[in-house]
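Undergrad: These protein sequences, in sequence, are chains A and B. To convert, count from 1 in the first sequence and add 751; that's this note's numbering. To convert, count from 1 in the second sequence and add 17; that's this note's numbering.
Worth flagging that the hints you see were computed from the coordinates, not collected in a lab. All figures in this text were calculated on a predicted structure; none of them were measured in a lab. By construction, the Cβ of each residue, glycine as well, lies at the ideal position given by its N, Cα and C atoms. Do not rely on the hints blindly, as some may be mistaken.
Beta-carbon label-pair distances, calculated as ranges [to be verified]:
#  : chain 1 : residue 1 : chain 2 : residue 2 : range
1  : A       : HIS852    : B       : LYS47     : 31 to 39 Å
2  : B       : GLY70     : A       : THR765    : 31 to 39 Å
3  : B       : PHE78     : A       : TRP789    : 25 to 33 Å
4  : A       : GLY835    : B       : GLY70     : 31 to 39 Å
5  : B       : LYS47     : A       : GLN819    : 37 to 45 Å
6  : A       : ALA777    : B       : LEU74     : 35 to 43 Å
7  : B       : SER49     : A       : GLY847    : 43 to 51 Å
8  : A       : MET867    : B       : LEU74     : 23 to 31 Å
9  : B       : ILE71     : A       : ASP823    : 20 to 28 Å
10 : A       : ALA777    : B       : VAL32     : 24 to 32 Å
11 : B       : TRP73     : A       : LEU766    : 21 to 29 Å
Selected chain B positions facing chain A (in silico; Cβ < 8 Å) [unchecked claim]:
#  : residue
12 : PHE22
13 : VAL32
14 : PHE33
15 : ALA35
16 : VAL37
17 : VAL38
18 : THR41
19 : PHE44
20 : LEU45
21 : GLN80
Simulated coverage check for chain A against chain B, where a stretch passes if three residues somewhere in it have a Cβ under 8 Å from a Cβ of chain B [claimed, not checked]:
#  : region
22 : 765-778
23 : 825-839
24 : 865-872
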Amino acid sequence: MSETAMKEERKGSTLKGIAAAVAGWAIPGFGHVLLRQWSKAAVYFLCVGGLACAGLAMRGGTFGSGAQDLFDRLGFFADLGAGGFYFFAHVLQTAGPDVAHATGDYGTRLFAAAGMLNFLTILEAYDLGRGGDAR
Amino acid sequence: MNLLFGGLTHFGAMVFFALVVSITFAFLSKHSMIERAKYTLWAFFAFLLVAIGIGWLMYPFSQ
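Generate the whole structure from the sequences, applying the supplied hints.
TA: Printed below as a string of structure tokens:
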């Protein structure tokens, strides 16, 4: 493939970038599906989804929007990154959170880590959608 | 979901976290599959080493 053709293929737009970012936020990895990056999409979905599900299975808690202090607000921001997993946490976690025990507390951190990890994949999807050379 | 992750011990959770984050970082930052595999292994063992190292450093304070 010639260099011009490759540049043409990589050409994106801000709108495409935003669409990929929003899709990637709603369902981790879905932004990359829109950009036809199949392997990355599968890996990101499994990794972010696995981390979020592990956090919920360990009976970790999620932070709500009515946070009282800065740490809770940061926790809410991190959790929000998990997108669909955050909004359906109460469905996935049938037993409810139990942060009184260390395992539940670890679960809370795993879920927040899933959200932060997804923010990175969202940024990559946005960059790729705009035609950037994200690796 | 509970069947998969319900029985995770604290150490198991740490290993799972290290593996998943290493794989994601590798896919975010590297191009080829060989580079990604190398980076995943390196980051995974670095995560474990640092976590166990910090655990031992904190051990005297728990007594």
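Undergrad: Determine for every hint whether it applies to the structure shown.
TA: Verification of the hints:
At roughly 38 Å, the beta carbons of HIS852/A and LYS47/B sit within the given window of 31 to 39 Å. Distance hint check for GLY70/B and THR765/A: the Cβ-Cβ separation is about 44 Å, which falls outside the suggested range of 31 to 39 Å. Range check, PHE78/B to TRP789/A: Cβ separation about 48 Å, and the 25 to 33 Å hint is violated. The supplied range of 31 to 39 Å is met by GLY835/A and GLY70/B, whose beta-carbon atoms lie about 36 Å from each other.
A hinted range of 37 to 45 Å holds for the C-beta pair LYS47/B and GLN819/A, which are about 41 Å apart. Remark: the range hint 35 to 43 Å for ALA777/A to LEU74/B is upheld by a beta-carbon distance near 41 Å. At roughly 44 Å, the beta carbons of SER49/B and GLY847/A sit within the given window of 43 to 51 Å. One distance hint, 23 to 31 Å for the beta-carbon pair MET867/A and LEU74/B, holds here, with the actual separation near 25 Å.
Under the hint 20 to 28 Å, the C-beta atoms of ILE71/B and ASP823/A, about 25 Å apart, fit the expected range. In this structure, ALA777/A and VAL32/B meet the distance hint of 24 to 32 Å, their C-beta atoms being roughly 29 Å apart. Distance hint for TRP73/B and LEU766/A: a CB-CB separation of about 51 Å, inconsistent with the stated range 21 to 29 Å. For the restraint placing PHE22/B at the interface with chain A, the shortest Cβ-Cβ distance is roughly 4 Å, inside the 8 Å limit, so the hint holds.
Against a cut-off of 8 Å between C-beta atoms, the interface hint on VAL32/B is violated, since the closest Cβ of chain A lies about 11 Å away. Taking 8 Å as the C-beta cut-off, the interface hint given for PHE33/B holds, the closest approach to chain A being about 6 Å. Using the Cβ-Cβ criterion of 8 Å, the hint placing ALA35/B at the interface with chain A is not satisfied: the shortest such distance is roughly 11 Å. Below 8 Å, beta-carbon pairs count as interface contacts, and VAL37/B has one with chain A at about 5 Å; its hint therefore holds.
The beta carbon of VAL38/B is positioned within 8 Å of a beta carbon in chain A (closest approach about 7 Å), and the interface hint is therefore held. For THR41/B, the shortest C-beta to C-beta distance to chain A is roughly 5 Å, which falls under 8 Å, so the interface hint holds. The restraint placing PHE44/B at the interface with chain A holds, with a minimum CB-CB distance near 5 Å, inside the 8 Å limit. Using the Cβ-Cβ criterion of 8 Å, the hint placing LEU45/B at the interface with chain A is satisfied: the shortest such distance is roughly 6 Å.
At a threshold of 8 Å, the smallest CB-CB gap from GLN80/B to chain A is about 18 Å, leaving the interface hint violated. Counting residues of the region 765-778 of chain A whose CB lies closer than 8 Å to any CB of chain B gives 0, so the stated coverage by that chain is violated, three being the minimum. Against chain B, the region 825-839 of chain A contributes 0 residues with a C-beta closer than 8 Å to a partner C-beta. That does not satisfy the three-residue criterion, and the hint is violated. With 3 residues bearing a CB less than 8 Å from a CB of chain B, the region 865-872 of chain A meets the requirement of three and the coverage assertion stands.
In this structure, the hints that do not hold are numbers 2, 3, 11, 13, 15, 21, 22 and 23, in rising order.
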